[in-house]
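Just so you know, the protein sequences line up as chains R and B, in that order.
When the first sequence is numbered by our numbering, its final residue is 474 and no position is left out of the sequence of numbers.
When the second sequence is numbered by our numbering, its final residue is 474 and no position is left out of the sequence of numbers.
Please keep in mind that the hints were generated in silico from the structure rather than gathered at the bench.
Each hint should be verified, as a subset may be incorrect.
As the list claims (entries may be wrong) - Cβ-to-Cβ under 10 Å is the rule here; a few derived chain B residues that face chain R:
id, residue
1, F195
2, I253
3, Y254
4, N263
5, I279
6, D280
7, L285
8, F417
9, L430
10, N432
Said to hold, decoys possible - Cβ pair distances, simulated, as ranges:
id, chain 1, residue 1, chain 2, residue 2, range
11, R, K436, B, P468, 52 to 60 Å
12, B, P307, R, G458, 34 to 42 Å
13, R, G458, B, P468, 32 to 40 Å
14, R, F273, B, N212, 17 to 25 Å
15, R, K455, B, P307, 39 to 47 Å
16, R, A160, B, E226, 43 to 51 Å
The beta-carbon is built from N, C-alpha and C at its ideal position, and this holds for glycine as well.
Spelled out, the chains give:
2 protein chains.
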Amino acid sequence: MKKLKEKYYENKRDELGLNSIERLMKYLPASSPLMKRNVTYAHLDFEKIATAIAKKEPFAIISGLSPTGPLHFGHKAIFDELLWFQKNFGAEIYIPITNDEAYVVNKMDSLKDSLKCAYEEVIPGIIAFGFDPKKTKLFVDSDYKDIYNVAMQVSKNLSLRVVKRTFGFEEEIDNPGALFYRGAIQLSQIILPQLKEFGGPKPTLVLAGIDQHPYILLSRDVAKKMGLIEPSSIYIKFLNSLAGPQNKMSTSDPNSCIYLTDKPEVAEKKIDQAFTGGSPLAEKQKQKGGIPEACSIFSLLKYHFLDDKSFQESYLACSKGKVLCNGCKKGAKKMILEYLSEYQKRFEKAKGQMDEFLLKTPIKSILE
Amino acid sequence: MKKLKEKYYENKRDELGLNSIERLMKYLPASSPLMKRNVTYAHLDFEKIATAIAKKEPFAIISGLSPTGPLHFGHKAIFDELLWFQKNFGAEIYIPITNDEAYVVNKMDSLKDSLKCAYEEVIPGIIAFGFDPKKTKLFVDSDYKDIYNVAMQVSKNLSLRVVKRTFGFEEEIDNPGALFYRGAIQLSQIILPQLKEFGGPKPTLVLAGIDQHPYILLSRDVAKKMGLIEPSSIYIKFLNSLAGPQNKMSTSDPNSCIYLTDKPEVAEKKIDQAFTGGSPLAEKQKQKGGIPEACSIFSLLKYHFLDDKSFQESYLACSKGKVLCNGCKKGAKKMILEYLSEYQKRFEKAKGQMDEFLLKTPIKSILE
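Next up, chain R with everything else stripped away, as it sits in the complex (with noise of 0.2 Å):
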């Protein structure tokens, strides 16, 4: 099932025609954990990022995140890669926090409610990573405007039949916030960061599952209308749902993820239930071995708790049989709330440092 899962992720890469992490790695001085592990598989025109860093010139990465519940461990694996390359390579971080998009997708019911969400549970859990300040710049939608006007900027450069063969709008269900935002808002984001004021044109990388290619490639466009630089990307893999591999972890269903905020008994309660790769008869799972791949806990451990060694060490022991499934929870259980206990300390903190990371640039340069 997992092996599955694994190709389709394969399949579209070659299917969209990106590149694989392995020419990615070659790019690059040093290879991030979740690279190693083919989490980060995929990348359109990576090149342009590599040389920036390899002269030492200024890049951006923008990955943007719809307000619309606590952050759990599938978003940790984008925060951790995105951090990786803040402290390897000084790279300039935005997150849109796309509050309007929520509303008018129909994720959350009122711009309100996705607006307090984004400040109560979004932006102090992205702080709590431990990115830095000076280098990286958070924003909401309704409260940042000068990117409608950015957008209304934008708009010029795309037909609405281009905006609908790319998306393919269902005229009942949508609405027109919906199509701005996805034909101008989102591709705003992508742009921001080489505007005047954020001392653009410059190199931008966009980092997102591959199902915002699409975007990618019309912000590619925008681009090029504009005179600024084709934005990169790369892509990660989703991590999996506690429920199984056919789904990932997604906000919207508690059961299928750790929140980072879960009290230390209800992510206890989550790792208990979590489907794993094991069989149901002990004897049976030491004959055989489990499954890793189709682990729920071991896609988790995968991601953010095992190093080189240990993830090699841990297949091993998973797959011939010689961990069962208890003795693997109980492990991952520690690890798991011991990291919880440290991250929610720093969620607490982050509450009082949202100012410093809040994006307030007014943008002029397409005004004046």
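Use these hints to put chain B onto chain R, whose structure you have.
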């Protein structure tokens, strides 16, 4: 020819099921000069406004403007009518100046150019008519970005299908910003005075050309869904082009209109060259009379310079051949140049008064 045009407006009114001005006038304690001339000629649901006036309750009028050049006598008709409602019944006036629309529908080359036009031409031009700063609020979309939050809110009440059916988009030509403008921003401007920040819900009236009727209908749907009062509307006939009754005065064609900031010698030349309802042969005109209905100069006088008595006299003098075009133009020149001279003094003064009129109220009710 003029007869046909007249018929166009009346037919359009009846086709759309709107009410005639005669009925409207019954509801008001007084009638404006433009109502008496049947220039303001149709309405929808004006009863609500008449009730507010009778009960001395607050109501607002909204009338937007695309900043693409200087104001001309066509605009003056609209602002005269607004001013009449303000002076006689204390109407609050909201004037959205839609530089974003001017840009996304290709009337202006950049947001910046249209913004410049808004502050250098349109805003002082409006203030110069004599509005009360306490009861008149002007805003330019790119600078009053809160309107975009309202637009995202409004979006949720409309499907793309409805917007497309109403305006008939051309997918190759139109862009996401143009669709968002038509299907959300424009509607937001109409419901704006009904937000809590402005003491709403309250009765509102849109004053516009009948081509704007589809927006009114959409805005009524949206208002209803948002628990607001359905906006009413009144429609005004456009002032004829100086080139003849087939077209209206248009900002983009300097020969079609007299700009209110035209120098006297420019205005005089335009009057000299203006299309009239006279005959090339003076003798024939003396015998058969002129056709005031077709005459651009008579149109200008009818809208702006004649009281009830002189309107009747001028009409008869022309149609009976007692006054020929040269003599009539001479009289018109005197009145028009006098008006322009006075207006232009107020225009210069208005440049220092813009701050009193610009709407700066943050819109928080939809975010809190």
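Do the hints match the structure? See the list:
no.	hint	result
1	F195	violated, 34 Å
2	I253	holds, 9 Å
3	Y254	holds, 4 Å
4	N263	holds, 8 Å
5	I279	holds, 7 Å
6	D280	holds, 5 Å
7	L285	holds, 6 Å
8	F417	violated, 44 Å
9	L430	violated, 51 Å
10	N432	violated, 48 Å
11	R:K436 with B:P468: 52 to 60 Å	holds, 54 Å
12	B:P307 with R:G458: 34 to 42 Å	holds, 39 Å
13	R:G458 with B:P468: 32 to 40 Å	violated, 25 Å
14	R:F273 with B:N212: 17 to 25 Å	holds, 24 Å
15	R:K455 with B:P307: 39 to 47 Å	holds, 44 Å
16	R:A160 with B:E226: 43 to 51 Å	holds, 48 Å
Comparing the model with each numbered hint stated earlier shows that hints 1, 8, 9, 10, 13 do not hold.
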